[in-house]
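Enquirer: Whenever a hint applies, use it, and build me the whole structure from the sequences.
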Amino acid sequence: MAVKADKQMKKGAKQASSTKGKPNPASLSRRFTMSDLPEIKTKLVSDNESVRKTAAKGIYELSDVSHKKNRTAIVRADWGIISNIIGCLKLSDGDARHLALLALNNLSIPSDNKRAFIEGSHREEVLGCLVSIIKNDPAESYLACICAMNMSFLEKSIDSIAEYPGLIETVEGLLEEGIKAKAGSGKSESVRWACGLLKNLSRSRDAAITICETSILESLLTTLKNPSSASRWSNNSTEDFALFTILHL
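Here the sequence shown stands for residues 725 to 973, where the numbers follow my numbering.
The set of hints was computed from the structure by calculation and includes no laboratory data. Keep in mind that this is a model prediction, so the values were computed, not measured. Please note that a few of the clues may not be correct.
Stated by the list, open to error - In silico lysine-lysine, DSS-like type, Cα no more than 25 Å apart, as pairs:
1. Lys904 <-> Lys859
2. Lys904 <-> Lys949
3. Lys765 <-> Lys814
4. Lys792 <-> Lys880
5. Lys904 <-> Lys880
6. Lys859 <-> Lys911
7. Lys814 <-> Lys911
8. Lys793 <-> Lys911
9. Lys911 <-> Lys949
Expert: Structure (C-alpha coordinates):
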(Lines of atoms letter the chains of each structure in order from A and count residues from 1; the text may use other names and numbers.)
(Lines give C-alpha, C1' and ligand atoms only; values in the text may rest on other atoms or scores of the structure.)
Protein backbone atom coordinates (compact mmCIF):
# COMPACT_ATOMS: atom_id res chain seq x y z
CA MET A 1 0.00 0.00 0.00
CA ALA A 2 2.97 2.27 0.54
CA VAL A 3 3.63 2.30 -3.21
CA LYS A 4 0.06 3.31 -3.92
CA ALA A 5 0.20 6.02 -1.32
CA ASP A 6 3.40 7.30 -2.90
CA LYS A 7 1.64 7.50 -6.25
CA GLN A 8 -1.10 9.61 -4.70
CA MET A 9 1.51 11.81 -3.07
CA LYS A 10 3.07 12.43 -6.50
CA LYS A 11 -0.37 13.31 -7.81
CA GLY A 12 -0.76 15.81 -4.99
CA ALA A 13 2.56 17.39 -5.88
CA LYS A 14 1.56 17.67 -9.53
CA GLN A 15 -1.73 19.27 -8.55
CA ALA A 16 0.16 21.73 -6.37
CA SER A 17 2.32 22.81 -9.28
CA SER A 18 -0.65 23.36 -11.56
CA THR A 19 -2.96 25.11 -9.12
CA LYS A 20 -2.88 28.87 -8.80
CA GLY A 21 -1.52 29.98 -5.46
CA LYS A 22 0.15 26.61 -4.75
CA PRO A 23 3.92 26.09 -4.95
CA ASN A 24 5.72 23.70 -7.22
CA PRO A 25 7.95 21.84 -4.72
CA ALA A 26 10.66 21.40 -7.34
CA SER A 27 10.78 25.14 -8.02
CA LEU A 28 11.89 26.12 -4.50
CA SER A 29 15.67 25.99 -4.88
CA ARG A 30 16.99 25.10 -1.40
CA ARG A 31 17.93 21.42 -1.16
CA PHE A 32 18.10 20.19 2.43
CA THR A 33 19.80 17.09 3.83
CA MET A 34 19.05 15.10 6.98
CA SER A 35 21.75 17.06 8.80
CA ASP A 36 19.61 20.17 8.29
CA LEU A 37 16.70 18.86 10.40
CA PRO A 38 17.45 21.17 13.38
CA GLU A 39 17.40 24.16 11.03
CA ILE A 40 14.20 22.95 9.38
CA LYS A 41 12.59 22.51 12.80
CA THR A 42 13.26 26.16 13.64
CA LYS A 43 12.18 27.50 10.28
CA LEU A 44 8.86 25.65 10.36
CA VAL A 45 7.69 28.04 13.09
CA SER A 46 9.08 31.21 11.53
CA ASP A 47 6.83 34.26 11.32
CA ASN A 48 7.86 34.55 7.68
CA GLU A 49 5.57 32.62 5.33
CA SER A 50 8.34 32.15 2.74
CA VAL A 51 10.69 30.67 5.35
CA ARG A 52 7.97 28.28 6.60
CA LYS A 53 7.24 27.25 3.01
CA THR A 54 10.89 26.48 2.31
CA ALA A 55 11.17 24.40 5.49
CA ALA A 56 7.98 22.44 4.78
CA LYS A 57 9.23 21.83 1.25
CA GLY A 58 12.46 20.50 2.77
CA ILE A 59 10.61 17.88 4.84
CA TYR A 60 8.49 16.97 1.82
CA GLU A 61 11.55 16.36 -0.37
CA LEU A 62 13.50 14.54 2.35
CA SER A 63 10.61 12.08 2.71
CA ASP A 64 9.54 11.68 -0.91
CA VAL A 65 9.47 8.41 -2.87
CA SER A 66 13.19 8.60 -3.62
CA HIS A 67 14.01 9.06 0.09
CA LYS A 68 11.80 6.41 1.71
CA LYS A 69 14.54 5.45 4.16
CA ASN A 70 14.32 8.92 5.72
CA ARG A 71 10.66 8.68 6.68
CA THR A 72 11.06 6.77 9.93
CA ALA A 73 14.35 8.52 10.72
CA ILE A 74 12.73 11.97 10.54
CA VAL A 75 10.01 11.04 13.03
CA ARG A 76 12.48 9.34 15.36
CA ALA A 77 14.99 12.19 15.20
CA ASP A 78 12.90 14.74 17.07
CA TRP A 79 9.15 14.75 17.62
CA GLY A 80 9.44 18.52 17.83
CA ILE A 81 9.90 18.54 14.06
CA ILE A 82 6.56 16.78 13.64
CA SER A 83 4.92 19.12 16.13
CA ASN A 84 6.13 22.04 14.03
CA ILE A 85 4.79 20.40 10.86
CA ILE A 86 1.48 20.11 12.68
CA GLY A 87 1.82 23.80 13.52
CA CYS A 88 1.89 24.50 9.78
CA LEU A 89 -1.26 22.42 9.39
CA LYS A 90 -3.00 24.68 11.88
CA LEU A 91 -2.57 27.64 9.53
CA SER A 92 -5.80 28.66 7.82
CA ASP A 93 -4.27 28.24 4.36
CA GLY A 94 -1.10 28.93 2.39
CA ASP A 95 1.75 27.17 0.68
CA ALA A 96 3.43 26.07 3.92
CA ARG A 97 0.30 24.23 5.01
CA HIS A 98 -0.09 22.51 1.63
CA LEU A 99 3.52 21.34 1.64
CA ALA A 100 3.20 20.22 5.27
CA LEU A 101 0.23 18.06 4.24
CA LEU A 102 2.27 16.51 1.44
CA ALA A 103 5.08 15.83 3.93
CA LEU A 104 2.69 14.27 6.45
CA ASN A 105 1.34 12.09 3.64
CA ASN A 106 4.87 10.74 3.12
CA LEU A 107 5.64 10.37 6.81
CA SER A 108 2.40 8.53 7.63
CA ILE A 109 3.28 5.55 5.41
CA PRO A 110 5.77 3.54 7.59
CA SER A 111 4.16 1.37 10.27
CA ASP A 112 6.42 2.69 13.02
CA ASN A 113 5.35 6.23 12.17
CA LYS A 114 1.68 5.31 12.22
CA ARG A 115 2.11 4.17 15.82
CA ALA A 116 3.86 7.39 16.75
CA PHE A 117 1.15 9.55 15.20
CA ILE A 118 -1.75 7.97 17.09
CA GLU A 119 -0.17 7.56 20.54
CA GLY A 120 -1.11 9.83 23.44
CA SER A 121 -1.18 13.56 22.82
CA HIS A 122 0.16 13.06 19.29
CA ARG A 123 -3.25 11.69 18.31
CA GLU A 124 -4.95 14.89 19.41
CA GLU A 125 -2.52 17.06 17.45
CA VAL A 126 -2.53 15.06 14.23
CA LEU A 127 -6.17 14.03 13.98
CA GLY A 128 -7.40 17.42 15.16
CA CYS A 129 -5.66 19.12 12.24
CA LEU A 130 -6.81 16.54 9.71
CA VAL A 131 -10.44 16.72 10.81
CA SER A 132 -10.36 20.52 10.66
CA ILE A 133 -8.95 20.49 7.12
CA ILE A 134 -11.46 17.88 5.92
CA LYS A 135 -14.28 19.94 7.36
CA ASN A 136 -13.19 23.41 6.31
CA ASP A 137 -11.04 23.19 3.18
CA PRO A 138 -12.56 21.37 0.18
CA ALA A 139 -9.42 21.94 -1.90
CA GLU A 140 -7.15 20.17 0.59
CA SER A 141 -9.53 17.67 2.18
CA TYR A 142 -8.49 14.84 -0.15
CA LEU A 143 -4.91 15.06 1.16
CA ALA A 144 -6.09 15.07 4.77
CA CYS A 145 -8.23 11.99 4.04
CA ILE A 146 -5.22 10.21 2.54
CA CYS A 147 -3.12 10.96 5.62
CA ALA A 148 -5.82 9.60 7.93
CA MET A 149 -6.26 6.57 5.68
CA ASN A 150 -2.51 5.88 5.74
CA MET A 151 -2.56 5.80 9.54
CA SER A 152 -5.64 3.56 9.61
CA PHE A 153 -3.80 0.73 7.84
CA LEU A 154 -2.30 -0.06 11.23
CA GLU A 155 -4.97 -2.30 12.74
CA LYS A 156 -4.27 -1.22 16.30
CA SER A 157 -4.88 2.40 15.33
CA ILE A 158 -8.36 1.92 13.87
CA ASP A 159 -10.42 2.43 17.02
CA SER A 160 -8.24 5.33 18.16
CA ILE A 161 -8.85 7.08 14.85
CA ALA A 162 -12.54 6.21 14.58
CA GLU A 163 -13.22 7.40 18.12
CA TYR A 164 -11.67 10.82 17.57
CA PRO A 165 -14.45 13.36 18.28
CA GLY A 166 -16.11 14.56 15.11
CA LEU A 167 -14.10 12.48 12.64
CA ILE A 168 -16.83 10.15 11.42
CA GLU A 169 -19.39 12.97 11.48
CA THR A 170 -17.05 15.11 9.38
CA VAL A 171 -16.61 12.31 6.85
CA GLU A 172 -20.38 11.89 6.82
CA GLY A 173 -20.81 15.56 5.89
CA LEU A 174 -18.11 15.36 3.22
CA LEU A 175 -19.89 12.43 1.57
CA GLU A 176 -23.29 14.11 1.69
CA GLU A 177 -21.91 17.22 -0.04
CA GLY A 178 -19.56 15.58 -2.50
CA ILE A 179 -21.10 12.26 -3.45
CA LYS A 180 -22.53 13.58 -6.72
CA ALA A 181 -19.50 15.66 -7.65
CA LYS A 182 -18.09 15.35 -11.15
CA ALA A 183 -15.47 12.62 -11.51
CA GLY A 184 -11.94 13.99 -11.29
CA SER A 185 -12.97 17.12 -9.41
CA GLY A 186 -11.53 18.07 -6.05
CA LYS A 187 -14.70 17.01 -4.28
CA SER A 188 -14.78 13.63 -6.00
CA GLU A 189 -11.18 12.97 -4.93
CA SER A 190 -12.08 13.87 -1.36
CA VAL A 191 -15.01 11.43 -1.51
CA ARG A 192 -12.75 8.75 -2.95
CA TRP A 193 -10.18 8.92 -0.18
CA ALA A 194 -12.81 9.40 2.52
CA CYS A 195 -14.26 6.10 1.31
CA GLY A 196 -10.77 4.61 1.52
CA LEU A 197 -10.58 5.72 5.13
CA LEU A 198 -14.01 4.22 5.81
CA LYS A 199 -12.93 0.92 4.25
CA ASN A 200 -10.20 0.64 6.88
CA LEU A 201 -12.20 1.97 9.83
CA SER A 202 -15.14 -0.34 9.12
CA ARG A 203 -12.95 -3.35 9.92
CA SER A 204 -13.53 -2.50 13.58
CA ARG A 205 -16.84 -3.71 14.99
CA ASP A 206 -17.33 -0.62 17.14
CA ALA A 207 -16.47 1.73 14.29
CA ALA A 208 -18.78 -0.17 11.95
CA ILE A 209 -21.65 0.27 14.39
CA THR A 210 -20.96 4.01 14.63
CA ILE A 211 -20.82 4.32 10.84
CA CYS A 212 -24.17 2.55 10.52
CA GLU A 213 -25.72 5.14 12.83
CA THR A 214 -24.97 7.88 10.29
CA SER A 215 -26.06 8.60 6.72
CA ILE A 216 -22.78 7.21 5.40
CA LEU A 217 -24.29 3.92 4.23
CA GLU A 218 -26.89 5.81 2.21
CA SER A 219 -24.14 7.86 0.57
CA LEU A 220 -22.15 4.73 -0.26
CA LEU A 221 -25.19 3.15 -1.89
CA THR A 222 -25.75 6.33 -3.91
CA THR A 223 -22.16 6.04 -5.13
CA LEU A 224 -22.73 2.49 -6.34
CA LYS A 225 -26.02 3.39 -8.02
CA ASN A 226 -24.36 6.28 -9.86
CA PRO A 227 -20.79 5.14 -10.57
CA SER A 228 -18.26 7.57 -11.98
CA SER A 229 -17.40 5.11 -14.75
CA ALA A 230 -19.36 2.47 -16.62
CA SER A 231 -16.21 0.39 -17.05
CA ARG A 232 -14.88 -2.10 -14.55
CA TRP A 233 -14.25 -0.50 -11.18
CA SER A 234 -10.52 -0.36 -10.60
CA ASN A 235 -8.66 -1.07 -7.41
CA ASN A 236 -8.76 1.92 -5.03
CA SER A 237 -11.58 3.58 -6.95
CA THR A 238 -14.40 5.23 -5.03
CA GLU A 239 -16.69 2.33 -5.90
CA ASP A 240 -14.10 -0.25 -4.83
CA PHE A 241 -13.69 1.43 -1.46
CA ALA A 242 -17.47 1.75 -1.05
CA LEU A 243 -18.03 -1.95 -1.79
CA PHE A 244 -15.45 -3.04 0.77
CA THR A 245 -16.90 -0.71 3.39
CA ILE A 246 -20.38 -2.15 2.87
CA LEU A 247 -18.92 -5.67 3.02
CA HIS A 248 -17.38 -4.89 6.41
CA LEU A 249 -20.57 -3.28 7.68
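Enquirer: Please name the hints from earlier in the document that this structure breaks, with their numbers sorted from lowest to highest.
Expert: Violated hints: 5, 8; rest satisfied.
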